[in-house]
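Let chain A serve as the given structure and place chain B on it in line with the hints.
Protein sequences, first through last, are from chains A and B.
So the first sequence is numbered by my numbering: it starts at 808 and just counts up by one.
So the second sequence is numbered by my numbering: it starts at 808 and just counts up by one.
To be clear, the hints were calculated from the coordinates, so they are not data collected in a lab.
Zero decoy hints are in this set.
The list cannot tell twin chains apart, which means a pair is met if one copy fits it or any two copies do.
No more than 30 Å apart at the CA atoms, straight line, and that leaves these computed lysine-lysine pairs for DSSO-like:
#	residue 1	residue 2
1	Lys944	Lys1181
2	Lys906	Lys1203
3	Lys1224	Lys906
4	Lys1181	Lys1170
5	Lys1120	Lys1046
6	Lys1114	Lys1093
7	Lys1203	Lys944
8	Lys932	Lys1224
9	Lys932	Lys1116
10	Lys944	Lys1170
11	Lys1120	Lys1044
12	Lys1203	Lys1181
13	Lys1116	Lys1044
14	Lys1203	Lys1224
15	Lys1046	Lys1116
2 protein chains.
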Amino acid sequence: MLERCIGERRLRQIQRGVQNMKLTFLCLLLTLLVLRGTIGAGKYGTPQQDFIELRQRFISHPHRALAEQNQPEPKPKKSDKDDEPPLRSLNDPYSLGPKISDWDSQRADWIRRHPERPNFLTKTKPRVLLVTGSSPKPCENPVGDHYLLKSIKNKIDYCRVHNIEIFYNMALLDAEMAGFWAKLPLIRALLLAHPEVEFLWWMDSDAMFTDMAFELPWERYAPYNLVMHGWDEMVYKDKNWIGLNTGSFLLRNCQWSLDLLDAWAPMGPKGPVRTEAGKILTKTLKDRPVFEADDQSAMVYLLVTQKEKWANKVYLESAYYLHGYWGILVDRYEEMIENYHPGLGDHRWPLVTHFVGCKPCGKFGDYPVERCLKQMDRAFNFGDNQILQMYGFTHKSLASRRVRRVRNETSNPLEVKDELGLLHPDFKAVQHHAS
Amino acid sequence: MLERCIGERRLRQIQRGVQNMKLTFLCLLLTLLVLRGTIGAGKYGTPQQDFIELRQRFISHPHRALAEQNQPEPKPKKSDKDDEPPLRSLNDPYSLGPKISDWDSQRADWIRRHPERPNFLTKTKPRVLLVTGSSPKPCENPVGDHYLLKSIKNKIDYCRVHNIEIFYNMALLDAEMAGFWAKLPLIRALLLAHPEVEFLWWMDSDAMFTDMAFELPWERYAPYNLVMHGWDEMVYKDKNWIGLNTGSFLLRNCQWSLDLLDAWAPMGPKGPVRTEAGKILTKTLKDRPVFEADDQSAMVYLLVTQKEKWANKVYLESAYYLHGYWGILVDRYEEMIENYHPGLGDHRWPLVTHFVGCKPCGKFGDYPVERCLKQMDRAFNFGDNQILQMYGFTHKSLASRRVRRVRNETSNPLEVKDELGLLHPDFKAVQHHAS
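If we strip away everything but chain A, and leave its shape as in the complex, we get:
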């Protein structure tokens, strides 16, 4: 009879087992759904690394690559469902808003009428609005919100030092354009509302500034309207979907940019449009797995198929890390500290470390979450040390939240010079570091 009791316990265990299996299956399904987004976002560093990375991912996880094939649309939660727009049909073209064709003159008039808000802060330094954001909902993985907090603190620091304003978005302006397309309606709204802004700098929430001293080479971009990290050859010749990255880019506030957004957006709407567009992108672009259309592939596609229309105003930057793939950077921070100094922005001291595929806010990324979080802490502290040194502190180690003094205090604090000249940034000084 004791057996019966044990039997009962076993039964309960089995029942629990079944529950867990159900859960596990659900998790797997979610992983795949999430993965599509992740791979879609596909943000990488140098070409070499990218291919290694890509190969690794698809060789080591063939089931994932396979799982890309035909995923069902994720079902909206009941609470959301009421608000979900009907899925747009293929013959119903999407538009970001009413056509605007004279923006340059509208904006020029406004700027003339508002001398108090010039679009250039100095002869060469434009007024820049850094735009980033995250979901209005708490993260699925609760610790994710803490890393979103660290990420915006990091951006606040860089932007304070470099005199850049920040817009942090937590609203989904167009439900159709959810996911990696949400930035398009947002960017358009901000460009039109802020004629005083010359350049809008989009940065993903999973990217952190790791060089607080590097000032962007604004003069270089004077002839261009769109600046992304990437390589001409990989985009125009190879048509590679990771030949550029849309996780951190500059967009000038002008008619050309509104036209670009109009040309960029049509693949975005959720449902058949995004799905069918995905097939075209995969067919056209090199190494792109099968999944719904993403903003990055769509940008590559646009540049490849309408090169003559756009390319002359697009600058693909690879001289420094406007976006830097974390996988090739985070293990080298100690070496960088050993050999170099902030202000270089490139492989010696990357401006941006971008945690592509980590999805600390989602429940599942491509990498073990522990590795991601550990490395995000290191990146944050690496950047934060450049802020803390202004006040005479540093992290006890790149792994430690705790800080220690690096300078004795003085009764003549203004005679202290911070090594990086970030304390009272005059941009020549910063430029000097940057060159």
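Showing chain B alone in chain A's frame:
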């Protein structure tokens, strides 16, 4: 025999029961520890409300008041222990740093030498640095980080519109001054590092801007060095520990402020100093429960005991909510929307809604966490609507994360005037709203 099985199950249930009771007890203990901090921070709204609030708390929870009596110091976690400084003895006076006595002239020299970074942006508008922050650790209550994120997004919005820079602190600069005293070393470091800053605006992480249009009446503060929400009578006559609030205050960057910090700090060091000082504060101040010294009580004590030395440079503001106790505000948002408009800053449309005692980041506050989070969402959305209207959107309700259009889009976006004139703030316009 079946009974035996049930008996076994019962046994397991009882065992579980015991576990839960242990847990419950641990929780209670923690609650009390946390509560000390909460009450210590003691941040409230209008006097009437404060007393009601206070009475409620101590009448409805006598055990809490009781529990204040002699609490052991919370034991640091093993990992932290190594870094913990030895507890300071009573006859070892604490200092924030080397004495500085000529700061005004040092700073004046610097400002003369740096015309590019004036300490006044207009004749009357000072350069202001808003300082806030949160623990370097993730919140004990995971959802707390999401509300810290919303809270800094809210501050970024107000500060962008009002041309105020932000410093978000996540480092504990002096382990001795942990808790509500941590702001003192931070504030001193920032004043000394940023001579260009005229006013430092401290704001707690649990305070949110709910009036995005209200510009502070800077002219009013020209003769003063410290501005807090409070009432002269409650402080100087009643010696009431909640006669003012240190959750949101302005401090001028000058010698007087450094001297004030030096006079304010000595009750701060963890251990016997903070404990003994707490007894003095409770003995001296009205209605203060027995618990270790907190920065707010210490400020009241300083003003009461050294009135002649400090009072003439301290302005206690009660004409608008530089700090506003959430309990008396959050249920009136709909009424405010009905009858008033942003830019008033007072009971009609509070500048700041401060979630005193909610501790969304800690595991236990004084209020049911659900009520706190629900109301923090409402406060965030109430403020966020004033930002979203600039772009033609609003939250579907004060309870909803989702947004909807409030304006049709136009092809002449610059002809749209946003009601609040926040879009291209010229401070006269904002002032107009504020008056």
